[in-house]
Amino acid sequence: MSTVILLSLALMCLALCLAFVRLFKGPSLPDRVVALELFSSILVGTIGLVAIATDVPSLLDVAIVMALMAFMAAIGFARFLERGGPRDD
Amino acid sequence: MIELLKGTLILVGAVFMFLAALGLVRMPDLLTRMHATTKAATLGATLIMLAVALHFGEVAVVARAFGVILFIMITAPVAAHVIGRAGYFVGARLWSGTVKDELRPNYDPLTHELKSGLETQENAKRHPRETDSD
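Respectively, the protein sequence lines represent chains A and B.
According to UniProt numbering, the residues represented by the first sequence are 1 to 89, in order.
According to UniProt numbering, the residues represented by the second sequence are 1 to 134, in order.
Keep in mind the hints are simulated off the structure, nothing from the lab.
For every residue, glycine included, the Cβ atom is placed at its ideal position computed from N, Cα and C.
Any given hint might turn out to be false.
[Claimed, not checked] DEER-style ranges, computed between Cβ atoms:
(1) A:Val65 - B:Pro128: 50 to 58 Å
(2) B:Lys100 - A:Thr3: 46 to 54 Å
(3) B:Arg26 - A:Thr54: 12 to 20 Å
(4) A:Ala10 - B:Leu70: 25 to 33 Å
(5) B:Asp132 - A:Glu82: 34 to 42 Å
(6) B:Lys39 - A:Thr3: 37 to 45 Å
(7) B:Asp108 - A:Asp61: 25 to 33 Å
(8) B:Leu5 - A:Ser58: 17 to 25 Å
(9) B:Lys39 - A:Val50: 18 to 26 Å
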């Protein structure tokens with residue numbers, strides 16, 4: 001079981017690195033927002049995995065808060081883009 | 001049996017998340033990137049939360065895990081829609097192989113006006129019916 005968890009954590013770590021590549025390169029601001037969304041989704045999965053690995057069910061609350069924050073951030077960024085604030089892509 | 005199921009769920013979820021990140025890097029424009037990330041990452045998080053529910057097997061934890069799943073399933077499409085809409089409005093470039101952009105001929109980005117394509121003089125007139133009050 002621990003092998004599976006380790007393997008999955010490694011895969012997700014790789015996924016985070018790939019998402020960071022897009023966050024760094026992203027030609028426009030919306031691309032970066034999409035990368036941030038993916039970040040938070042992967043983090044929710046990672047927190048779930050850590051909860052399984054350490055047998056601490058309270059970590060699920062952290063996952064809930066993470067998902068909530070990501071949603072709010074996405075909405076906020078979208079409003080910012082549509083209103084047309086100062087941008088530096 | 002539960003161990004096996006749990007391991008499978010965890011592994012498949014992690015693979016889906018990795019595929020989402022790969023799609024984010026490899027896809028050519030904003031909309032195809034969102035196509036790759038939104039669905040695959042949601043499915044990945046859902047599978048891992050199912051594994052969490054199987055692992056603990058208590059009512060409180062299972063309810064919380066299903067709460068996370070429900071929340072992700074509800075918010076992911078909304079967030080994707082909002083970001084895609086904002087991206088189109090700020091003029092994100094579409095891929096050169098895009099076949100159809102139905103919004104382009106009917107939408108005016110300066111005035112935010114969307115035409116239906118049926119604006120003729122005849123359609124602009126009012127045709128009162130028998131049942132109208134005035």
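Now for the hints, and whether the structure bears them out:
A beta carbon spacing of about 56 Å between valine 65 of chain A and proline 128 of chain B agrees with the range 50 to 58 Å that was offered as a hint. Checked against the given bound of 46 to 54 Å, the beta carbons of lysine 100 of chain B and threonine 3 of chain A, roughly 47 Å apart, stay inside it. At roughly 34 Å, the beta-carbon separation of arginine 26 of chain B and threonine 54 of chain A lies outside the given 12 to 20 Å, and the hint is violated. At roughly 29 Å, the beta carbons of alanine 10 of chain A and leucine 70 of chain B sit within the given window of 25 to 33 Å.
Here the CB-CB span from aspartate 132 of chain B to glutamate 82 of chain A is close to 38 Å, well matched to the stated 34 to 42 Å. Separation of lysine 39 of chain B from threonine 3 of chain A is about 28 Å and departs from the stated range, judged on CB atoms against 37 to 45 Å. For the pair aspartate 108 of chain B and aspartate 61 of chain A, the beta carbons lie near 47 Å from each other, so the given range of 25 to 33 Å is not met. Take leucine 5 of chain B and serine 58 of chain A: their Cβ atoms lie about 24 Å apart, and the range 17 to 25 Å holds.
A C-beta distance of roughly 24 Å is found between lysine 39 of chain B and valine 50 of chain A, which places it inside the suggested range of 18 to 26 Å.
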